[in-house]
Amino acid sequence: MERYRTHLMLCAGTGCVSNKSFKIKEALEEEINKRGLQDEFLVVMTGCNGFCAVGPLMTVKPDGIFYQNLTEEDIPYLVEEHFLKGRPVPKLMYFPPEEKEPIPTMSDIGFFARQTLVALRNRGLIDPEKIDEYIARDGYRALAKALTSMTPEEIIRVIKDSGLRGRGGAGFPTGHKWEACRKAEGEPKYIVCNCDEGDPGAFMDRSIVESDPHSVLEGMIVGARAIGANEGYVYIRNEYPLALKRLEVAMAQAREYGLLGENILDSGFNFDIRIQRGAGAFVCGEETALIASLEGRPPEPRQRPPFPAQSGVWGKPTNINNVETWANVPAIINRGADWFASIGTEKSKGTKVFSLVGKINNTGLVEVPMGITLREIIYDIGGGVPDGKKFKAVQTGGPSGGCIPADLLDLPVDYERLTEAGSIMGSGGMIVLDEDTCIVDIAKYFLRFTNDESCGKCTSCREGSEALLEILTKICNGEGEEGDIEFLQELGEAIKDASMCGLGQTLPNPVLSTLRHFKDEYEAHIKDKRCPAYVCKALTSYYIKPAKCKACMICLRECPAEAIIGGKNQIHVIDQSKCTKCGTCLDVCPARFGAVTRLSGEPVPVPPPPEERVLVRTK
Amino acid sequence: MPRIKIEDLDRISEEIRRTTLLREGTSRAKITVHMGTCGIAAGAREIMNTLLVEIEQGNIKDIILTTSGCAGLCSREPMATVELKGEAPVKYIDLTPEKIRNVFSEHVLGGKIVREYALAIGSERVG
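In the order they appear, the protein sequences are chains U and E. Position in the first sequence (from 1) plus 4 gives the number in this note's numbering. Residue 60 in this note's numbering sits at position 72 of the second sequence; the count goes up by one each step and never skips.
These aren't lab readings, by the way, just hints derived from the structure by calculation. Just so you know, not all the hints are guaranteed correct.
Distance condition first, Cα-Cα at most 25 Å in a straight line; then the derived DMTMM-like pairs of lysine to aspartate or glutamate [to be verified]:
#, chain 1, residue 1, chain 2, residue 2
1, U, K89, E, D82
2, E, K18, U, E470
3, E, K49, U, D131
4, U, K478, U, D524
5, U, K394, U, D579
6, U, K554, U, D579
7, E, K18, U, E490
8, U, K29, U, E85
9, U, K393, U, D414
10, U, K149, E, E3
11, U, K38, E, E34
12, E, K18, U, E133
13, U, K27, U, E191
To be clear about the criterion: a stretch of chain U counts as covered by chain E if any three or more of its residues have a C-beta under 8 Å from a C-beta of chain E, and this derived list gives those stretches [claimed, not checked]:
#, stretch
14, 65 to 75
15, 80 to 94
16, 134 to 140
17, 259 to 273
18, 307 to 320
Positions of the beta carbon are idealized from the N, C-alpha and C atoms, including for glycine.
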């Protein structure tokens, strides 16, 4: 019989693990043993808690005290103070930006308090490698219900009524997709879980699998029952080793309990899952390309129809949903369609998981109800932009999405509204950009990505992305010409029209949406040869103001290109022909001098001649 | 592990109910043992161990046992605070294993305050 009175829920998501949470586990256990508390304190490794910015993190249950940024060195003090003497340690708690008082408990921290957890309902509360803990949190109840008291048609009806839409990007109604596959002719039928999220900076699906793999499995088994499939695949990218491991553990446990395999829960229903590892190709977000890869062929999409519901894996009816969609299914079956449909907006029901990254204080993973505004996500949950910088835009939907500017911050987030604003929901990537980000440079970054990831089947996508990238590069290099903007616009529209799959149809979005909301920045680059964010090196110069330079030698020594001329009592001057525009001089120039400046769109002033550079120091 | 039946889902949940309740922070009672230096010196550790054994032997799942620092009345340690759901906290002083067992069965499980060891009912105000 266990006597544990406290559970230490230590995060073992990929972010915290790379910050040594397993070392912290060892240190905790060692210290707890040393103090003779091993029968009272249990260290539990959980999946990702989402607040990756402050990891490694740990929640002390039942008190809910939240510790962050833990190191091995903190552990002896923490164990003695809090666990032995009962005094929580404020210095290891979370301090909101610019606040002097910490927030002790998890539930009071804005980042957590404003979230609504459905797909991530068990995150941080269970050990993802223990099926019993999942069961204790209502796990596999939806499956029991689906097998004993619901017909496949009833399951599909509930999913339809709930309003659940595909969380992978396109937002197709899940219930309709299931119905099409159920009604399709042909046997056997297949179920596929897409765990190949490819957007840069996005990690929603990885995190769900890492923190609660059984929710995905249960969703799939319920889906298989509804559609009439006996075999399924999880297509997971090989770069997700921890997710893969936890999935394998979960599948083995589910098989032992008879929740996967033959005669599930003695209902006579058979269903098993195989794991197929992918090499991580963005184009596999397209269903037909994923199917090709799953069958061992190069991941090239094909013309639709026939849709996968009619002809998918091995030419058989196939239903593909993404990880987050599957994880929602058990909650909907358990709590009902009305409950789910009560969350969200008219056409977008439920919650959505976003990975919040870029220039934001609280980097991490958040789950919010549909219809929440961008402002709430970025400021109330995300804690705003760091270092007092100004918010410029938020990029949603990854390389297929677009940038949304500051004046649309009060936009409610749902499928329709994001599309109206020229972006997309996508799978949930959310990259925050501040005033130091060049919008043309960002568009170029995404185009380079899609240009790389284009499978090359359609000319419009293969060559079109190349041409877009070329022009963007030209603009960033200060070689933009009159007519470039119009050409980008026209070419972008043409690529959308002429490409076969989603990759090509959406790849111009980063360009088109920035042209729509930030046309002046393109014009500044082209007409004034000016980069307003001082990012494009060809358009930016560094200059030392002679009147402010105190000849302190710091920049001169630090300059990696040895481009700064000067000496003791000699005002420093940048040799523009050697300068690589790395910005080191600006970073190191003491703030009280403020002698180094950036220039863009204007000529660099001629420095004083050498004989006038002598600094006369006055007391 | 053998194959499970639908009824087993409830059995498994019940078995680890203590775990789930603990993590959700829901309980019908919370006992805080004051374990500052003064408390430890006066024998708070023994009070804690006694409570752990009581909880274990009774196979009780929905009581939270926790510690806090010195309560400010060092001369009356060991001390513990018992808080039943929806009721004012009660501080007990000068505890011994025998007394805390008594408090546990009478107050925590039975709902009746053991007035002879109680210092006060209610909590001092903060701020």
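Just to make sure I understand the rule, a stretch counts as covered if three or more of its residues have a C-beta closer than 8 Å to a C-beta of the chain. Does the stretch 80 to 94 of chain U meet that for chain E? As far as the stretch 80 to 94 of chain U goes, the hint holds, because 5 residues have Cβ atoms under 8 Å from chain E.
25 Å Cα cutoff - pair U:K394, U:D579: violated, 32 Å
Please check whether the stretch 259 to 273 of chain U has three or more residues whose CB lies within less than 8 Å of a CB on chain E. holds (count 6)
25 Å Cα cutoff - pair E:K18, U:E490: Cα-Cα ~69 Å, so violated.
Take the C-alpha atoms of U:K554 and U:D579, compute the straight-line distance between them, and say whether it is at most 25 Å. holds, 18 Å
With a cut-off of 8 Å between beta carbons, are at least three residues of the stretch 307 to 320 of chain U near chain E? Per the Cβ count (0), the hint is violated.
Proposed proximity, U:D524 with U:K478 (alpha carbon, max 25 Å): OK: U:K478 and U:D524 at ~17 Å, within 25 Å.
Is the hinted pair U:K393 and U:D414 satisfied, with a Cα-Cα distance of at most 25 Å? holds, 19 Å
Given hint E:D82 paired with U:K89 - CA-CA distance at most 25 Å: Distance of about 18 Å is within 25 Å: holds.
Would you mind confirming whether the straight-line C-alpha gap from E:K18 to U:E470 stays at or under 25 Å? violated, 65 Å
Residues of the stretch 134 to 140 of chain U with Cβ under 8 Å from chain E, three needed, outcome: holds (count 4)
Okay, the stretch 65 to 75 of chain U and chain E, do three or more residues pass the C-beta test at under 8 Å? Holds, because 4 residues of the stretch 65 to 75 of chain U bring their Cβ atoms closer than 8 Å to Cβ atoms of chain E.
Against the hints set out earlier in the document, violations occur for numbers 2, 5, 7, 12, 13 and 18.
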